[in-house]
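Same order as they appear, the protein sequences are chains A, B and C. Residue 93 in our numbering is what sits at position 93 of the first sequence, and the numbering runs on without skipping anything. Residue 376 in our numbering is what sits at position 376 of the second sequence, and the numbering runs on without skipping anything. Residue 138 in our numbering is what sits at position 138 of the third sequence, and the numbering runs on without skipping anything.
These are calculated hints, taken from the structure and not from any lab test. Mixed in with the good hints, there may be bad ones.
[Unchecked claim] Which residues of chain C face chain A? A few of them, derived with a C-beta cut under 8 Å, are: (1) G12; (2) L13; (3) T16; (4) T19; (5) M20; (6) A24; (7) V25; (8) T26; (9) Q28.
[As the list claims (entries may be wrong)] Here are the computed lysine to aspartate or glutamate pairs in the DMTMM-like style, where the Cα-Cα straight-line distance is at most 25 Å: (10) K118(B) x E268(B); (11) K20(A) x D116(A); (12) K360(B) x E268(B); (13) K194(B) x E120(C); (14) K321(B) x D113(C); (15) K194(B) x E147(C); (16) K210(B) x E169(B); (17) K22(C) x E220(B); (18) K351(B) x E123(B); (19) K33(C) x E204(B); (20) K279(B) x D214(B); (21) K210(B) x E220(B); (22) K47(C) x D96(C); (23) K33(C) x E120(C); (24) K321(B) x E108(C); (25) K42(A) x E150(B); (26) K210(B) x E150(B); (27) K325(A) x E65(B); (28) K47(C) x D134(C); (29) K360(B) x D63(C); (30) K194(B) x E86(B); (31) K145(A) x D63(B); (32) K351(B) x E86(B); (33) K33(C) x E176(B); (34) K145(A) x E65(B); (35) K321(B) x E332(B); (36) K210(B) x E34(C); (37) K194(B) x E108(C); (38) K42(A) x E32(C); (39) K22(C) x E204(B); (40) K42(A) x D221(B).
Cβ atoms here follow ideal geometry from the backbone N, Cα and C, with glycine treated the same way.
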Amino acid sequence: MIGHAVLALEVGWGTTMVIKTLIILMVIPLGALILGYTFLLKMMSHMQSRLGPMDPGGFHGWFQLVGDGLKFLQKEDIMPNQADRRVFAAAPAVVVLSTFLVFAVIPMGPDLVVKDLDVGVFYALAVSSLSVIGVLMAGWASANKFALLGALRAAAQLIAYELPLILAVVGVVMQAGTMSLQGIVYAQRDGSIFGWSGMGNPFIFTQFVGFALFLVAAQAELTQTPFDMPVAESELVSGYMVEYTGFRFLFFFIGEFGTAFAFAALAATLFLGGWSIPGVTGDWANILGPFALFAKLMFVAFLMFWVRFTYPRLREDQLQALAWKVLIPIGLLNILVTGALKVAF
Amino acid sequence: MSTTETGTTETPATPGFVLDPVALTPLADARVNVELDTGDMILNLGPQHPATHGTLRLVVRLDGERVVAADPVIGYMHRGYEKLSEFRTYPQVTTLINRIDWLSSFANEVPFLEAAEKLMGVEAPPRAKYIRTILTELSRIATFLLFLGEMGLQVGALTPAFYGFRDREHILNLIEAVTGGRFHPNFNRIGGVKDDLPWGWLGECRSAMKIVFDACDVFEDLVLGNEIFAARCKGVGIIPAELGAAYGVSGSNLRASGVDWDLRRDGEPYLAYPDLDFKVWTHPDGDSFARYWVRLQETRESARMVLQCLDAMPAGAVMAKVPRIIKVPEGEIWVETENPLGQMGYYVVSKGATGPFRVKIRSASFSNVSILPWLLRGVFVPDIITILAGLYFILGDIDR
Amino acid sequence: MKAPKLPGLIGGLGITLRTMLKPAVTVQYPHEKEAPASRARGVIALKEENCTVCMLCARSCPDWCIYIEGHKEQRPPRREGGRPRSVSVLDRFDIDYALCMYCGICVEVCPFDALFWTPEFEYSENSIAKLLHDKQKLGEWMATVPEPEPLEVGALPSKGAKK
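Next up, chain A with everything else stripped away, as it sits in the complex (with noise of 0.2 Å):
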């Protein structure tokens, strides 16, 4: 921990889990507020010539996401009459569960991460899928044939694009040799390309196959445009989250975007060499590895976020077919050639 390697302190075990908890918990809604404010609220608008927020705190609007949350908090606690009370409130729990749980694994600096799991790799992508069952009992609770529909067109959506997200992920695995998460920065921080090894050898050249098909798998692991179907927002209004209001709406408006954070930090560690700066070791590593971690995934999230505000949505059984019959031959070709280059070079 920073405490430890910097400042030579003694802390203990348990002193560095709590500190490490608090952390990931500040987080993601930071995360979130951060993505939030620069990408939709900002980026958006100047894509649609305009300005977007400008009068709350003054400064182009910076307070407007944290007015929201506040307004949010404060709101009566709506729940339909026929709504399964329990699941309908833990939902948005699930949902945001399964956010929190991804942070445990990704490294912010060689030695800035709650855990480095040695199957770090295997670990986030099943914990991410927990959210489809939080959108599920949104969607069933909320006894609303809209709410429903959405929820049931998400299940399946997330549940077909998770194979591509993998398969996407198992070329960089067998680049790099291990399931680690620590290691898949290291193993790209001291690789060279056709040896000269000035900058490593972040995975994106060799897997950009890899990284479009993550991108892609991504997007509608996310639910979003162009594969957002299960919260269209001209037809469905929100699809499953439309009963709900207030604090439990907040929970899952943290929850979609701390997962683009989630999602855009595993992309900038597997494709882009996560923390890991060219010539910088040692506890400089420490310090500087968050920010290129934030730089190098405010960059994936710019990518994820261009192609969300200019694409129309693909129909449901489009978005099906597209991942069945294209994304998963091609992250199959894809595993192919990296073993048989693997072998060869």
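Given chain A's structure and the hints, the job is docking chains B and C onto it.
Okay, now just chains B and C, sitting in the frame of chain A:
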């Protein structure tokens, strides 16, 4: 058009093909009896819904994600224009009928005032005709720019809608500079138009048309060229030409099914259209993609027509000699024009007073929407939205 | 047929990127304001000395939102030995802007040029009753009436109303 003294009517001009009698049988199996139905899920789209362009209620019976039957319920916006017109004078009625199709309000006034002028035997001077033509085409451009944007929105792309509104502002500013009102110009009068153009307007109009051409190119790249948009819209909501004509579908919807019929060219000559040289765009498929394509081309064509009018603008008066208190002589007349939404017509009955005795408004969207029970059978739920967006109706036009 | 175009997906991304890099078109009201056209129908102003209480405007309003009351007064004759003139005096002239359709028929129909359009539009209130503008307030709007503007090439010289 026909003027009747004794009550017999000539058959109005038709596009000229045989109407299949099978197509005219009522589709009883498409009716949905909401109270008694069980089994398949009944979904109520509207009257408050982002996709239904206003207060249209669509009761659909679903089997999973496929529509089994659909029933549009209209009337939530009925404002009683035909009854209101019985108690108002011609200028007052002009004010009201602006609000039928509020996106292209100038175009609504034109057929009504043409009807009154024909009954009176008064003809608007050439300059007034050209000004009316320009403003009608500007309304068409404004409506279609909004359509090009919001169809992208209904299909899922958020950005084109904003571009549509942004580019439409230029047209609305032009209309405001001439008439004083952005949305409800209330500019036509019996015998001509109310005022002349302000200084510098012709130049501003020319630069606005350049912006329109650029906007059309943007929409072509951003929406029409997008493969996802094509996948969503091609093959969705195909209207066969004969069936469309049987249901009374008109305007760009019918032209997108391959019917080469445009009242500006084929109907009774009105305004300055006989002097203009323009192309009527058709598309052989009848799907939503074709409707978008046709309207995009028509926007460009309207901009070209406006430029032609600007070049050929005659000088002179904008108002014919009409008495102070206008009393339209007795008679009945039917006038129809090519409005942006389709074919709009007024049947005006006058008994010699300062206001009409009875006005029957034939609005385009009412007939366009009547094809929905047939069209929505067997489509997916997302396709309902695409079809509604492609047909492009305005609730004020349906309900009046 | 030009050179092969980029797939539409990429072209679309290019358009949004280009729009993002251009300045936004938003006018930040109320910090910045756009001036409407001089013919814009914002509010109606009354020039009281021209009004002869002929009631034409009230009768031609489609919404019946103009309320006029007046009475006749006797004025002394202009010459010796003539009979006294009767003059209409305006007591009450209210326009209810909660009902007004902004159609302009009243302005057009007035034979004595007592009503004028002005582009002033920022007069919203938080109570509907305050939207009934009385004679005095309508007279105050006269200060915002713009000068009649020149017309386009080819128009007949206007016989527009003089303020």
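Structure-based check of all given hints:
This hint holds: G12(C) has a C-beta 5 Å from the nearest C-beta of chain A, less than the 8 Å allowed. Because the closest C-beta pair between L13(C) and chain A is about 5 Å apart, less than 8 Å, the hint holds. Hint status for T16(C) relative to chain A: holds, with the closest Cβ pair at about 4 Å, below 8 Å. A cut of 8 Å between beta carbons decides the hint on T19(C): the least distance to chain A is about 6 Å, and the hint holds.
Using the Cβ-Cβ criterion of 8 Å, the hint placing M20(C) at the interface with chain A is satisfied: the shortest such distance is roughly 4 Å. The restraint placing A24(C) at the interface with chain A holds, with a minimum CB-CB distance near 5 Å, inside the 8 Å limit. At about 5 Å, the closest approach between the beta carbon of V25(C) and any beta carbon in chain A falls short of 8 Å, and the interface hint on this residue holds. The restraint placing T26(C) at the interface with chain A holds, with a minimum CB-CB distance near 4 Å, inside the 8 Å limit.
The interface hint given for Q28(C) is met, as the beta carbon of that residue sits about 6 Å from the closest beta carbon of chain A, less than 8 Å. With a C-alpha separation of about 12 Å, the suggested pairing of K118(B) with E268(B) holds against the 25 Å cut-off. Between K20(A) and D116(A) the alpha-carbon distance is near 13 Å, which keeps this suggested pair within the 25 Å criterion. Taken as a hint, the K360(B) and E268(B) pair is honoured in the structure, with Cα atoms around 19 Å apart against an allowance of 25 Å.
Between the alpha carbons of K194(B) and E120(C) the distance comes to roughly 21 Å, so the proposed pair stays at or under 25 Å and holds. Distance check on the hinted pair: K321(B) and D113(C) sit about 21 Å apart at the alpha-carbon level, within 25 Å; holds. Of the supplied pair hints, the one linking K194(B) and E147(C) holds, its CA atoms being roughly 18 Å apart against a limit of 25 Å. In summary, the hint linking K210(B) to E169(B) is supported, as the alpha carbons are separated by about 14 Å, within the 25 Å threshold.
With a C-alpha separation of about 20 Å, the suggested pairing of K22(C) with E220(B) holds against the 25 Å cut-off. With a C-alpha separation of about 20 Å, the suggested pair K351(B) and E123(B) falls inside the 25 Å cut-off, and the hint holds. For the hint linking K33(C) to E204(B), the alpha-carbon distance of about 21 Å falls within 25 Å, and the restraint holds. In summary, the hint linking K279(B) to D214(B) is supported, as the alpha carbons are separated by about 20 Å, within the 25 Å threshold.
Between K210(B) and E220(B) the CA atoms are separated by roughly 15 Å; this keeps the pair inside 25 Å, and the hint holds. Taking the CA atoms of K47(C) and D96(C), the gap is about 17 Å. The hint holds against a cut of 25 Å. The straight-line distance between the Cα atoms of K33(C) and E120(C) is roughly 12 Å, inside the 25 Å bound, and the hint therefore holds. Among the hinted pairs, K321(B) with E108(C) is consistent with the structure: their alpha-carbon atoms are about 16 Å apart, no more than 25 Å.
With a C-alpha separation of about 21 Å, the suggested pairing of K42(A) with E150(B) holds against the 25 Å cut-off. Our distance criterion of 25 Å between C-alpha atoms is met by K210(B) and E150(B), whose separation comes to about 21 Å. Between the alpha carbons of K325(A) and E65(B) the distance comes to roughly 21 Å, so the proposed pair stays at or under 25 Å and holds. Distance restraint check for K47(C) and D134(C): the Cα-Cα separation of roughly 12 Å lies within the 25 Å cut-off, and the hinted pair is therefore satisfied.
At most 25 Å may separate the alpha-carbon atoms for a hinted pair to count; K360(B) and D63(C) meet this at roughly 21 Å. Among the hinted pairs, K194(B) with E86(B) is consistent with the structure: their alpha-carbon atoms are about 23 Å apart, no more than 25 Å. This hinted pair checks out: K145(A) and D63(B) have alpha carbons roughly 13 Å apart, not beyond 25 Å. Proximity of K351(B) to E86(B) is assessed by CA-CA distance (about 11 Å); at most 25 Å being required, the pair is judged to hold.
Annotation: proposed proximity of K33(C) to E176(B) holds, straight-line Cα distance about 17 Å (limit 25 Å). Restraint check for K145(A) and E65(B): satisfied, since their Cα atoms lie roughly 12 Å apart, inside the 25 Å limit. Taking the CA atoms of K321(B) and E332(B), the gap is about 22 Å. The hint holds against a cut of 25 Å. For the suggested pair K210(B) and E34(C), the alpha carbons sit about 22 Å apart, so the restraint of at most 25 Å is met.
Simply put, K194(B) and E108(C) have alpha-carbon atoms about 9 Å apart, close enough for the 25 Å limit, and the pair holds. For the proposed pair K42(A) and E32(C), the alpha carbon gap of about 20 Å is at most 25 Å, so the pair holds. For the given pair, K22(C) sits about 22 Å from E204(B) by alpha-carbon distance, which is consistent with the 25 Å threshold. Only pairs whose Cα atoms come within 25 Å are accepted, and K42(A) paired with D221(B) is accepted, the gap being roughly 23 Å.
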